[in-house]
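Starting from the known structure of chain A, arrange chain B on it as the hints suggest.
Residues per chain, in single letters:
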Amino acid sequence: MNNLFGYKQRDTWLNRATGTAKLIGFLTLTTIGMISYDTRFLIVLSLLSVLLMKTAKIQYQEYALMLKFVLFFAIINLVMITILAPQYGVRLYGTNHVLFGSGYWTITEEQLFYEFNLLIKYFFSLPLAIILLFTTNPSEFAAGLNKIGVPYKIAYAFAITLRYIPDVQSDYRTISLAQQARGYEISKKASILARSRGAVQIIMPLVFTSLNRIDTISQAMELRRFGREKQRSWYQEQVFSRLDILIIVGSIIVGFLGITLLFVNNGRLYNPFK
Amino acid sequence: MVAPLIDFQHVTFKYHAQAEATLHDISFQIYPGEKVLIAGASGSGKTTLLRLLNGLIPQAYAGDITGKLELNGKNIIDQTLFDLSLQAGTVLQDSDAQFVGLTVAEDVAFALENDHQPVDKIKSKVAKWASRFGLGERLDLAPQMLSGGQKQRTAMAGVLVDDGKLLLFDEPLASLDPAAGNVAMTMINRLQVERDLTVVIIEHRIEEVLRADVDRIIVMADGKIVANDTPTTIIQSGILPENGLDEPLFVQLLRKANVDVATLANVADVNSVDVQAYKQVIEDLKTPVIKQVKKNKKLVIKDLVFNYDDKHPIFNGLSTAIYQGEILGIVGKNGSGKTTLSHLLTGFLTPESGDILLDGQSLLSQSIKERADNIGYVLQNPNHMITKSTVYDEVASGLVLREVDAQEIETRTRKVLKLVDLDSMRHWPISALSFGQKKRLTIAAVLVLDPQVLILDEPTAGQDATHTSELLNFLKEINKTANTTIIIITHDMHLLANFVSRALVIVDGTLLADTTPSELLANATLVEAASLRTTSIYQLASRLNIDQPEMLNAAIVHHSTTI
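Residue numbers (my numbering), protein chains in the order written: chain A, 1 to 274; chain B, 1 to 563.
For the record, the hints were derived by calculation from the structure and aren't laboratory data.
Fair warning: there could be bad hints in the mix.
What the hints assert, rightly or not - The list that follows gives simulated cross-link-like pairs (lysine-lysine, DSBU-like), each with its CA atoms no further than 30 Å apart:
#	chain 1	residue 1	chain 2	residue 2
1	B	K165	B	K297
2	B	K256	B	K302
3	B	K74	A	K230
4	B	K128	A	K153
5	B	K302	A	K153
6	B	K224	B	K68
7	A	K153	B	K121
8	B	K297	B	K68
9	A	K153	B	K224
10	B	K128	A	K147
11	B	K14	B	K165
12	B	K121	A	K147
13	A	K121	A	K274
14	B	K123	A	K8
15	A	K8	A	K68
16	B	K165	A	K230
17	B	K302	B	K291
18	A	K8	A	K147
19	B	K279	B	K291
20	B	K297	B	K256
21	A	K147	A	K57
22	A	K147	B	K418
23	A	K230	A	K274
24	A	K230	B	K224
25	B	K297	A	K8
26	A	K8	B	K125
27	A	K153	B	K165
28	B	K476	A	K147
29	B	K123	A	K230
30	B	K302	B	K476
31	B	K125	A	K230
32	B	K418	B	K388
33	A	K153	A	K68
34	B	K128	A	K230
35	B	K14	B	K68
36	A	K8	B	K74
37	B	K291	B	K165
38	B	K302	B	K14
With the rest of the complex left out, here is chain A (with noise of 0.2 Å):
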């Protein structure tokens, strides 16, 4: 199996309900979190994905990548926030509790806690992309972006993209070793500008064979009536279940608790400083 996002047969209940429900669930849960600035309501979200990641039976070193990838950004972002707008906290929280420094470089537990609650949106999405990407099979997961609205040539994009990229990977091996051979030189041997010329050569025999590639692909699949019906039914699709259902209507739920305190709060801070 095709396993670029890590999808691997689990034998887990988040493995078995379907992409549809997990895509609606997903989306759900990180539109309210993105939404909510309330600290309590954020960090029980961490724990809830944390949790489900858990039960998903998903190795660390399957993930440790993608976890370090988004954190080296999580930090990133978080210091230029620091750097550009030292005060946001102070105008968002409209009151003003000095830490330490001065004039610009003014730190505030309001600054402070601001950036704490986007860390923490951090710590709930990641598990819980995770979780999507890693127990749903690539096809049925455009299946389910079918199913929620997503027009099926796009969906289907996605599952072919996954198809080929392998192809495109062997490919670019060949291609590279052959180049080398006629005395491109891209190994650490050679200068960074030497480098950088060489793998411009093989830049342009990947898109020759992968121009060909795709006027084949196209080809094959309308003769086999790809784009014919205004709607396709999916192989890889699985009926609905109860498990289902209920992960729906858990991820409603958890979005309600979301809104009610955004009318709560007065809007989508949850401020302890007043």
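Chain B only, in chain A's frame:
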């Protein structure tokens, strides 16, 4: 009188992108239940004809069509590609690129999904067709896990789920090894009988296709139909070689024995051709197999050990020698290590232990670039190699990178271009070249570095008999004049039988045999191990009780090299 399924009357077609018409005044009929072979050299228009049948023309390729084209009594031009696909299923040439599903099951289901059929109905149909093609256990596998033959069977199942009655095959043998090709032809044969299908096969490998009992051969050349008759009549008339196509090997042998092929009954079928009377003249053709006479070891491979991962060892102590000036063929089924070996020689891969010596010097410490100065490697797909926009620049680029002075670049490049017959086209954009010309161009780009050893991966893939013989003459020429050692990795039976002087059979990383091609092709056990197929000469010999059939193969070899 049964109505024809396909009826073409005076069809002429010109692509918008081209100045000349590709098809001229084509008229033919195909009747229900027939199996028809459309044969022709490249550029004969056979692919264009197929596109007219399945609707890719005019819907994917625009052009001007005149004449009458009917499928099932209805005008083809008035129907959409989708309507036509329900009547005529097409299996394309590239079994890998046409695999659109992420798994076997999804690929077989693709057409039904597009028809928006209920999923449970799709699943039962997929299960039925997959098991009929022996794919029942492989439904969840990705295309990367399948052999060429399995991919093609998936493509066939994916077309037959429509229950259409007409199947079109575009070069079904092109991406298969001979053994898998044989299985494919047998399967096409069986399907046709069981399901009362009409089958149209586009191919130029006559020997292989004739094993599938075709009813009729339509021979095309220069956009016209030059013959349309039963295989027997076509072969009796001797029209195939005149149009750039190879006759079956046993027919070549009969001609060599001066048997009057034109009057021979059942001459298209090696198993029923009436040849008992000619046993003696055939036996008289026996030619001793010439053994290797080269003495100087050029490349020595010593105890080579290589694995991609611990679970799948490829080479576990491979040792052999390749001699100066020989033409060596490396054969063996897919995935048994042929390409891996050439990658080890060129430095694309590094062995775990063992050594590779060129003229007694170890190559292991040299980089890919350094080795390329001595060992030239031509990949199977020319598009993987071409980086420049004009013919001259492409050939010169290797020299430019090696900082050879301008005057010398000019002389050497022109010399090689003349050798491959591309000098007059040296200012042409590469996009204007045919596949065969591109192939010659990539060989020239490698040859300009004056390699002492030339490795070619499937050099005849995608080329017809005329282009193949041009290419082989040219390789023979450089082998003779520059004493270049040539190593060819191939499945091509004709190439093996007619060109190679020594054959290494590599199966699962072991050197199974080191022999002459004539002996290899006459040895049923070896042929099976290498996923090759015995030739029709072997069958003819066994029917006539002629022993040592390799000596008949050798007769053909000498016949072909004198062309």
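- Message: Under the constraints set out in the numbered hints, which ones does this structure not fulfil?
- Response: Violated: hints 1, 2, 5, 8, 9, 20, 22, 23, 24, 25, 28, 33, 36, 37, 38.
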